[in-house]
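**Student:** The listed protein sequences correspond, in order, to chains A and B. Just so we're aligned, residue -19 is where the first sequence starts under the numbering used here, counting upward by one. Just so we're aligned, residue 706 is where the second sequence starts under the numbering used here, counting upward by one.
FYI, nobody ran anything at the bench for these hints, they're computed from the structure. Glycine included, C-beta positions come from ideal geometry on N, C-alpha and C. There may be inaccurate statements among the hints.
Said to hold, decoys possible - With a cut-off of at most 25 Å between alpha-carbon atoms, the simulated BS3-like pairs for lysine-lysine come out as follows:
(1) B:768 / A:268
(2) A:114 / A:80
(3) A:132 / B:794
(4) A:80 / B:800
Stated by the list, open to error - Stretches of chain B that chain A covers, calculated by requiring three or more beta carbons in the stretch to come under 8 Å of a beta carbon on chain A:
(5) 804 to 810
(6) 872 to 878
(7) 926 to 935
(8) 950 to 956
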Amino acid sequence: MIELLAPAGRLENIKIAFHYGADAVYFGGQRFSLRANAKNLNLEEIAVATDYAHALGKKVYVAVNIVFHDSDFDGLEDYLKSLANIGVDAIIASDISVVKLVQELALPLEVHLSTQASVLNSGSAKFWQKLGVKRIVLAREASREDIISIKKNTGIDIECFIHGAMCTSFSGKCVLSNYVTGRDANRGGCAQICRWNFQVPDNPDLLITPKDLNMVPFIKDMIDIGINSFKIEGRMRSIYYIATVILVYRRLIDKILTNSLTSREVEYYLNILNRCANRDSTPQFYDKLPSVDEQYYLGREELSNQDFLGIVLEYDAKTHLAKIEQRNYFKVGDTVQFFGPNHETFDYEIKAIYDEDLKPIDVARHPQMIVYLKIDKALEKDDMMRLKIFEII
Amino acid sequence: MERKEKLVVVTNKEIIPDLRDLNDVRLVYPLESFCIGYPYEFSITKIDDYALINRLLTDQDLKKLKKILAQSKIKGLIFDDLGIIELVKDLDVEKILLLNHLGNNYRSINYYLDYVDSIITSSDITIMELNYLLEMSKKPLILNTFGLIPLMYSRRALLTNYSKHNNLKYAEVLDTTINDKEFKFWENPYGTVVYTQKYYFLENYADFPNVLAYYYNPVFLSKDEILNVLKDNLDKINTFDFLQNEKTYFKLKGGENND
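Using the sequences and the hints given, assemble the complete structure.
**Tutor:** Okay, here's the thing in structure tokens:
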């Protein structure tokens, strides 16, 4: 089975990720994770997430992937035992001491090796495999040939990133943040210095930010060469981002597996993904070494959009009224789109908006205000409403 | 006190005869096609002491390396990529891990020491952390003593891309700054390293316990400067302590760690 693995920083995102087609999610707990400043989940929430996932026949992986200093070990043993008791499906680790500790405690926890360990060859993969690691998240720098070779020589489960932000550096091989800000990149405090401008005397600034990763053109090939899990980056991303990206890749994978994907659909999916991320995205190391075209030269001035207009809270099939929580401004006369996992995306022209008392209003202007729209096509809870940017294919 | 050896990366060809004359110095040669961030690399046939491999390797690289090492006369191998461990298992040379940024606690160091003879200590930890790590290490370690810190290692051709995007003449080395922090970018066909411009120097290095040797990475220094550094004369060298006296943090609220 090919796994679509979604990021999540909180319970709401986990539920959205599963709803939109993820087979598994990964997140950090409140300690030991490389997103120290995300909300992350406490043990109680991890238990809820795990039960929720298992009830759907899906999986959860917990990142325990910091590079430990000696002072960081306090509480690790109890934490790992708690994760094992909860029944999470795996932890994602990068530090050999975590891998060994799981073994020494004989915990029923599968260990996946984080991309932080930068595995790029079979020798390194075998090293970790012998230590009991069941899956390796390869370095994002791995090429198609590297992946084929590692898979062939080790047979180990391979997980590859297919979408999202990229580090400029090999993961784990960067302490720019430590140097510039004192924030420890390998313990979850990365200040993303690779997205800053480096000044060069008498010359333009040096910019080293990569475009985001986007593997849409190669998903079929990645399935064919035996990659087991397709990972989306973005534990701190919004539910709109998660829903959009997961749905695109879910449909892409399913259509590839049923041999029904068209080139027009691929083009459409690429448009949707690029718009959603606010940044250009492209394949990076899979088919070539990245060049000048795979970098991003806008510095920190990223474009933002207000495409995400609302989320469906309820739909009444009798009255055809959809209860919607507003996320961005929309008004009567706008043409929008509704998308969700269980129906095709469709256009909708807003002819009337009703407030919570079902009184007509012209504009939904306040974040999280509740409004009603009358929509003939059936919707479901957690379907989303966005600005119409592209024609539906 | 026992006089410990200094492992000095050969970053200046002129200095080789002088280094050979020093009793307490061992030479570390960047191995041709297997390094990043060095002005000179040496073919395996020219290396009669330690060879350095500091880049991450693919299976093709490992295959090539296996052939190269079979004909070598090296005394030791310093490497970063864990894929090399199996390759050199039966080779009768000293094996030293250079865990760039990934060896910051004694537990991990001790696990890795099951596979190698020694490990070069991290420059990412404080003096106090370093002392503790050395005390707890089950084998003597090699103290990262002096040199430019590789702050980042990218597989990307960052300077080629910069010159192309801005229509500038390509240079393999570029000095840059962010506010008061200075960087030196260095590109070769295998990627780009970002070094500090100042030289890390470990204060009171001779006082640390459980040390096998001292590691020097004097990139960009002249012959005379390197010889002065080896005599502990750093008057004309722009040094800094990096994170020796500054604990890094990772929780933003209140700037406090969760430990």
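**Student:** Which earlier hints can't be squared with this structure?
**Tutor:** 6 and 7
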